[in-house]
Every structure is written in structure tokens, then in C-alpha cells.
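The whole structure should be built from the sequences, with the hints applied where relevant.
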Amino acid sequence: MNLELILFFILAVAAIVSAILMITRRNPVTSALYLVLNFFIIAVLYLLLRAQFIAIIQITVYAGAIMVLFLFVIMLLNLGEGKLLPWKLNSAKSIATLFAAALLAEVLYFVVNLKSPSTVSPAAENIGTVESIGKILFKSYLFPFEITSVLLLAAMVGAILLAKKKFE
Amino acid sequence: MIPLYYYIGLSAILFCIGVVGVLTLRNAIVIFMSIELMLNSVNLSLIAFSAYSGDPAGQILVFFVIAVAAAESAVGLAIIIALFRNRLTVNIDEVNVMKW
Numbered sequence: 042m043n044l045e046l047i048l049f050f051i052l053a054v055a056a057i058v059s060a061i062l063m064i065t066r067r068n069p070v071t072s073a074l075y076l077v078l079n080f081f082i083i084a085v086l087y088l089l090l091r092a093q094f095i096a097i098i099q100i101t102v103y104a105g106a107i108m109v110l111f112l113f114v115i116m117l118l119n120l121g122e123g124k125l126l127p128w129k130l131n132s133a134k135s136i137a138t139l140f141a142a143a144l145l146a147e148v149l150y151f152v153v154n155l156k157s158p159s160t161v162s163p164a165a166e167n168i169g170t171v172e173s174i175g176k177i178l179f180k181s182y183l184f185p186f187e188i189t190s191v192l193l194l195a196a197m198v199g200a201i202l203l204a205k206k207k208f209e
Numbered sequence: 161m162i163p164l165y166y167y168i169g170l171s172a173i174l175f176c177i178g179v180v181g182v183l184t185l186r187n188a189i190v191i192f193m194s195i196e197l198m199l200n201s202v203n204l205s206l207i208a209f210s211a212y213s214g215d216p217a218g219q220i221l222v223f224f225v226i227a228v229a230a231a232e233s234a235v236g237l238a239i240i241i242a243l244f245r246n247r248l249t250v251n252i253d254e255v256n257v258m259k260w
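As given, the protein sequences belong to chains A and B, one line each in that order. This note's numbering applies: residue 42 is where the first sequence begins, and numbers increase by one. This note's numbering applies: residue 161 is where the second sequence begins, and numbers increase by one.
The set of hints was computed from the structure by calculation and includes no laboratory data. Only a predicted model underlies this, so the values are computations on that prediction, with no experimental measurement involved. Take these hints with a grain of salt, some might be off.
Okay, the calculated bits of chain B under chain A, using three or more residues with CB under 8 Å as the criterion [what the hints assert, rightly or not]:
#: 1; stretch: 185–191
#: 2; stretch: 204–210
#: 3; stretch: 230–242
For each residue, glycine too, the CB sits at the ideal point set by N, CA and C.
This is the structure:
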């Protein structure tokens with residue numbers, strides 16, 4: 042057992058526990074905060090995989106921007122205490138959980154039988170930096186990058202139009 | 161020395177927790193959060209493959225996935241606000257206009 046493996050196991054358990062707590066809390070604000078915790082843990086796992094740039098993007102964009110948007114909407118709709126939906130277990134939900142467990146079993150069966158490398162590739166030390174990601178993004182992937190700006194513009198217009206009081 | 165399949169296994173577990181959330185929850189916002197959890201678990205497996213094969217394409221793909229997720233959450237939350245304005249609820253059991 043080396044230090045990296047111990048750290049991985051602690052982070053993995055924390056990620057799974059925070060994800061389970063997220064889907065079992067009744068108050069959506071609590072769920073959102075557990076999801077933020079989960080995003081931070083995944084950012085640390087990205088650092089273990091030598092992806093510094095993506096780890097920072099994960100914290101700023103996901104845990105920062107997107108989750109603040111979620112919390113903002115929860116507060117705007119006033120979904121706090123008083124409007125909590127009661128927990129109800131019915132047969133459809135049990136079957137859904139059963140099928141999800143079957144999906145997990147199938148995926149894990151193939152994952153465990155995978156012939157996989159046991160160490161991070163030596164080349165990975167240099168590909169996760171801002172410099173290397175930027176070079177690739179603006180040379181080989183320039184066109185998709187520009188298309189992303191059109192997508193974000195469309196999403197912005199769509200969000201404003203949908204959240205407006207009335208359709209003109 | 162962490163084998164690659166540890167990361168893929170963790171990613172699969174997080175994805176299935178997200179699937180359970182989408183299938184069993186009734187609050188539209190928390191269902192939406194479960195979708196974000198599933199997107200994140202896929203990102204984790206992409207980064208793991210990228211790091212273990214030494215190929216930067218996986219990290220570029222994660223960059224685009226995060227950009228698309230930002231656009232998706234903005235539009236999705238706008239839809240939830242419009243839904244709440246019309247029906248005064250985010251409980252998807254009560255929103256059944258399109259249900260057969």
C-alpha cells in the first residue's frame with residue numbers, strides 16, 4: 042500500500058458517500074451542497090491523474106458557477122422547508138433501483154476483467170498543464186472550440202427566452 | 161500504483177448512483193443534479209483513460225463536456241423556472257400533461 046493508493050481509496054469512499062447522501066436528502070439545498078462536495082473530491086482525483094487544468098476548471102465552472110446557479114434557482118423557487126416532498130417507496134422505484142444495480146454489476150464485471158495498465162503513463166506528466174492543453178485546443182481543436190461559443194450563445198438566448206415572464 | 165480499472169469502477173459506481181437518482185426522485189431540480197453527477201462520472205473515466213494512455217484528446221473532450229454541461233444546466237434550469245411558474249410545483253409526478 043503506497044500513499045497514492047490510500048489517498049485514492051479515501052477519496053473514492055468520500056465520493057460515493059457524498060453521492061448517496063445527495064440522492065437521499067429530502068431538502069434540495071442539502072443535496073446541492075453534497076453535490077458540491079462530490080465535485081471537489083472529483084477535482085482532487087483529477088489532480089491524482091495529473092490533469093491540473095481540468096481540476097481547476099472543475100472547481101471554477103462546476104462547483105462554482107453551475108452549482109451557484111442551482112442554489113440560486115432553489116432559493117428563487119423557495120423550495121426550502123415546508124415544501125419538502127415526502128419519501129415514498131413504491132414498486133416502480135424498487136424495480137428502477139434493481140435495474141440500476143444490475144447495470145452496475147454488468148459494468149463492474151467487464152471493468153474487473155479489463156486488461157489495464159497499472160500506472161499512469163509517463164507522458165501524462167506533461168499533458169495536463171495549461172500550456173499543453175492550450176496548444177492542442179487552439180491548434181488541432183480550434184473549430185470545435187469556436188462552435189462551443191455558438192452553443193453557449195444559443196443556450197444564453199434560450200435561457201433568457203424560457204425564463205421570461207411571457208412569450209411575446 | 162493505482163490500476164486503471166479502479167478509476168473506471170469508481171466512475172461506474174457514481175454513474176449508477178446518478179441513474180438511481182434520476183429514476184427514483186421526484187423533485188425536478190434534484191433529478192437535474194443527478195444528471196450532473198452522471199456527466200461528472202463520465203468525465204472522470206475520460207480523464208483516467210487520457211492519463212493512462214498519455215493522450216491529451218481525452219482532456220480536450222472533458223473541456224467540451226464541461227462547456228456543454230454549462231449550457232445544458234442554464235437551459236434546463238430556465239425550463240424548471242417556466243414549469244414552476246405555470247404549475248407552482250417541481251414535483252414531476254404532478255407534471256403529467258405529456259403522459260400517455
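Count the residues of the stretch 204–210 of chain B whose Cβ falls closer than 8 Å to any Cβ of chain A, and tell me whether that reaches three. Since 4 is at least three, the answer is holds.
Count the residues of the stretch 185–191 of chain B whose CB lies closer than 8 Å to any CB of chain A, then report whether that count reaches three. Our answer is that it holds, as 5 residues pass the Cβ test (under 8 Å) against chain A, meeting three.
Are there at least three residues in the stretch 230–242 of chain B whose beta carbon sits under 8 Å from a beta carbon of chain A? Since three or more residues must qualify, the claim that chain A covers the stretch 230–242 of chain B holds, with 12 doing so at under 8 Å.
Comparing the model with each earlier hint shows no violations; every hint is respected.
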